[in-house]
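Chemist: The primary structure of each chain is shown beneath.
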Amino acid sequence: MSTAITHEEEHHEDLTGWRRWVFATNHKDIGTMYLWFSFAMFLLGGAFALVIRAELFVPGLQLVEPDFFNQMTTMHGLIMVFGAVMPATVGMANWMVPLMIGAPDMALPRMNNWSFWILPFAFSLLVSTFFMEGGAPAFGWTFYAPLSTTFAPSTTDFFIFGVHLMGFSSIMGSINIIATILNLRAPGMTLMKLPLFVWTWLITAFLLIAVMPVLAGAVTMMLMDRNFGTSFFDAAGGGDPVLFQHVFWFFGHPEVYIMILPAFGIVSQIIPTFARKPLFGYASMVYAVAAIAFLSFIVWAHHMFAVGMPVAGELYFMYATTLIAIPTGVKVFNWVATMWRGAMTFETPMLFAIAFVVLFTIGGLSGLMLGVAPADKQYHDTYFVVAHFHYVLVTGAVFALMAGTYYWLPKWTGYMYDERLGKIHFWISTISVNVLFFPMHFSGLAGMPRRIPDYAVQFADWNFLSSVGGFVFGFSQLLFFYIVIKAIRGGEPATNRVWEGAEGLEWTLSSPPPHHSFTVPPEVR
Amino acid sequence: MSVIKQCLVSHTLLLITMLVAPFSVLAEESKFNMPRGVTEISEEVYDIHMLVFYICCVIGIAVFAVMFYSLLKHRKSVGAVPSQFHDNTAVEIIWTLVPTLILVLIAVPATKTLLKIEVDREADMSIKVTGWQWKWQYEYLDEDISFFSNLSEASNQARQRASGIDPSTVENYLLDVDNPVVIPVNTRVRFLVTSADVIHSWWVPALGWKQDAIPGFINTAWTEVKEPGIYRGQCAELCGKDHGYMPVVLEAKSQADYAEWVKEQQRKQEEAMLASGRDWSMDELMSRGEKIYTANCAACHQANGEGIGMFPALKGSPVATQGSVEEHTKLVLNGLNAMPAFGAQLNDADIAAIVTYERNAWGNDVGDMIQPSAVKALR
Ligand SMILES: [Cu+2]
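Protein sequences, first through last, are from chains A and B.
According to the numbering used here, the first sequence holds residues 1 to 525 in order.
According to the numbering used here, the second sequence holds residues 1001 to 1379 in order.
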């Protein structure tokens, strides 16, 4: 056994230049690639969002044709969900899970390589549709049939294969994370001693394995309908367009928790560190995540209160949906209780984590409003919904990812980032993101539907504000890019512990950690 | 650009107002909030919306107040010493139970209203609403009235890219149609909502609900409007290229005015029948053809007949210039792939006018034409 490890080590350290990345099996290298890939996708999806906000600056159609506008909203959603947020959380899992559980690497390093390297191909397929006749997908990231089947251009088949590939990648990544957590924990690291980030990812990985095949099934049925004469979703052939929505949201609702649970995990690591106090209610945090994950499977049709469900169905989905508020509330209360009577300092990761708690809660409360079925008959498909899911996904998931980046960057690079610039980035982002998304609550309530390239003049004020906020928020992310690059290139050397209040195995290793993270399993008491 | 400068100033002010405006102002001002609407249902929906909104405000303010107190007092820079507590079962039980009770508090009125919305009692009259890419069709099942409702011509011109028309000079920009759906007040009207192509969603905020229009399904919804007036809404489900350009305009009239309107519609319908029975001249067909083409075909094939993206050009196309007029007519009547079957939407005279127009416009000069009677024979 020990000779095998020595051999592996030599083999890896030989790899230099492009070989180090293309043949990467080291969890840290793969994690780095995931993170850079997701950041590139974040900028691309953000560029699409800026096209949207530029067109919506003032009423009237100034810049793009309606069909291209629809391509922008669709690709913005697809790229941000599948290209930015999901790979970023996988990247953090790759980097941090082995460090946190005391493992030398991920359990299945070669599969790890494969699950990353599928992604560039998947997104090349997807983005290549821009350069084809018919253009990129223009039917929304939810791609409802029959708009995405009978009525979609031929490029849709590229989208379908792109989604298949993303699914392979996610499932393999999840298997790897589960195998690592269940098999490679250091002696004494029982499940109920796992850091919260590891717990959230363990549960997320099971969600992914459960629902990515459902998504694959949905796009495969689309493929059949489009090319092989079936009628799964075609009413003219006896099919059922609403079936598509049931299948899609059976995937889609757990999907939003796939994006937010790792964010919960990151924030649950950061707040205790900077409050210098253990996480309040560890066990209830774990149970709350498990409860949210379970509920996520049985609430999908709350996205469909306008399709004409039987009233019994609407009642059930309303009750089940509002139940999610309970475990989510427990998490928020626990974070606040962790801060309570701590000794807080406010470095950039903590600032982002606090903003997360506040702004995610706002998104959660508007989510509760949306869950109330009779009111949702008004809210559905308006900017109120757009405001809601951007609060949970941008100021929720993305803010947590930024918090995690600042928190672990010294561990990853061996250098402290520029704290002053980090704080500037935080304040510009937090103010502008609210100018961007808060007015959307109002435009939505006042009656503005989502996914429209032009609007009635009474929505002009809110849209103008949103666009101003959007451009400031978008460009302030270039500062984030600069801060990260600066930290990679050097700076004040980071200690092993990095943060005064940091607890856990990852902080016992050097910064940056050695090639094989833990060659000797640490003892956990 | 001056528009943008002017906006910047007024919007900075607006932002400040927005941040300091008390919630009561938000509740009353329709620019901020959901309209209360003009039906019993819409008022109940509004009340539930406000109830849940206020509950959310109270929860949010309570949680954030505790948190910000902690952020101020429990910081290292003011000499706080971290306590090490990390568990308290009693507290955990309380903050699981209290939210549960709040949810029950919300669920009671929500259930009541939902049951009221969904109960399918007898209605006084029924209107079938069909979504098409990108217009609405209304069929009055008891009156033999049927018509299409398109975006108004003024909005349609202004909404073209770089049209040079300032949207604020267009009355009800993007929320106006040529033929609104008309209903009598204080009458229980049932809507049977369906679609001829993709999924749309029929939405008038003043009624308090939206209902998806789904091909192969007929969804029912109903309303009873209290006050005469014109109520505006939009298609709410992404339905392709011109999703943003298929508004819903509902006009509620007094019973007497409604009866008048019904008579007028029936007279128009009869006139159209007569028109389809006679022979038309080339000029008549061409001028009518241009109008009908603009309303029904130009969204995809473009006003200049050159097509766009996946929608083919008609200018110089084999169907319009080389094929027989009968084949061309059949294609328009029966549709092809993403193109709908216009036979279901337009009468014989309109189809004849479109086909003739397409064969003789934009430099297509086949020179032949088709009469409404010939279209009828091809159906
Ligand atoms: Cu529509």
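Take the hints with a grain of salt, since some may be wrong.
In silico DSSO-like pairs for lysine-lysine, Cα to Cα no more than 30 Å straight-line [claimed, not checked]:
no., chain 1, residue 1, chain 2, residue 2
1, B, K1263, B, K1376
2, B, K1376, B, K1128
3, B, K1128, A, K423
4, B, K1226, B, K1253
5, B, K1291, B, K1263
6, B, K1291, B, K1116
7, B, K1263, A, K193
8, B, K1315, B, K1376
9, B, K1291, A, K423
10, B, K1253, B, K1263
11, A, K486, A, K423
12, A, K486, B, K1076
Heads up, incomplete: computed chain B residues facing chain A, CB under 8 Å, no partners named [claimed, not checked]:
no., residue
13, S1070
14, Q1160
15, Y1258
16, W1261
If you anchor each label on the Cβ, the simulated ranges turn out as follows [said to hold, decoys possible]:
no., chain 1, residue 1, chain 2, residue 2, range
17, A, G313, B, L1274, 44 to 50 Å
18, A, Y482, B, G1309, 25 to 31 Å
19, B, V1098, A, G313, 43 to 49 Å
20, B, S1168, A, W21, 27 to 33 Å
21, B, E1040, A, G313, 19 to 25 Å
22, B, T1100, A, S154, 37 to 43 Å
23, B, D1365, A, N227, 37 to 43 Å
24, A, K486, B, V1058, 40 to 46 Å
25, A, P512, B, F1064, 36 to 42 Å
What the hints contain is simulated information worked out from the structure, not anything from laboratory work.
Computed from a prediction, not measured in an experiment: that's the story for all the values here.
Heads up, the beta-carbon is just placed ideally off N, CA and C, and yes, glycines get one too.
Chemist: Each hint should be assessed against the structure and marked as holding or not.
Modeler: Do the hints match the structure? See the list:
1. B/K1263 / B/K1376: Holds, at about 27 Å.
2. B/K1376 / B/K1128: holds, 25 Å
3. B/K1128 / A/K423: violated, 58 Å
4. B/K1226 / B/K1253: Answer holds: B/K1226 to B/K1253 is near 10 Å, not above 30 Å.
5. B/K1291 / B/K1263: holds, 25 Å
6. B/K1291 / B/K1116: Cα-Cα ~44 Å, so violated.
7. B/K1263 / A/K193: It is violated: about 78 Å lies between the C-alpha atoms, which goes past 30 Å.
8. B/K1315 / B/K1376: holds, 26 Å
9. B/K1291 / A/K423: violated, 60 Å
10. B/K1253 / B/K1263: holds, 14 Å
11. A/K486 / A/K423: At roughly 15 Å apart (the allowed maximum being 30 Å), A/K423 and A/K486 satisfy the hint.
12. A/K486 / B/K1076: holds, 28 Å
13. S1070: The hint holds - B/S1070 has a Cβ within 8 Å of chain A, the shortest such distance being about 5 Å.
14. Q1160: holds, 7 Å
15. Y1258: Violated, because the Cβ-Cβ distance from B/Y1258 to chain A comes to roughly 26 Å (cut-off 8 Å).
16. W1261: violated, 26 Å
17. A/G313 / B/L1274: 44 to 50 Å: holds, 49 Å
18. A/Y482 / B/G1309: 25 to 31 Å: violated, 39 Å
19. B/V1098 / A/G313: 43 to 49 Å: violated, 29 Å
20. B/S1168 / A/W21: 27 to 33 Å: violated, 54 Å
21. B/E1040 / A/G313: 19 to 25 Å: holds, 24 Å
22. B/T1100 / A/S154: 37 to 43 Å: Once the Cβ atoms are compared, 51 Å apart, the range 37 to 43 Å for A/S154 and B/T1100 is violated.
23. B/D1365 / A/N227: 37 to 43 Å: holds, 39 Å
24. A/K486 / B/V1058: 40 to 46 Å: holds, 44 Å
25. A/P512 / B/F1064: 36 to 42 Å: Given a distance of about 38 Å, which is inside 36 to 42 Å, the answer is holds.
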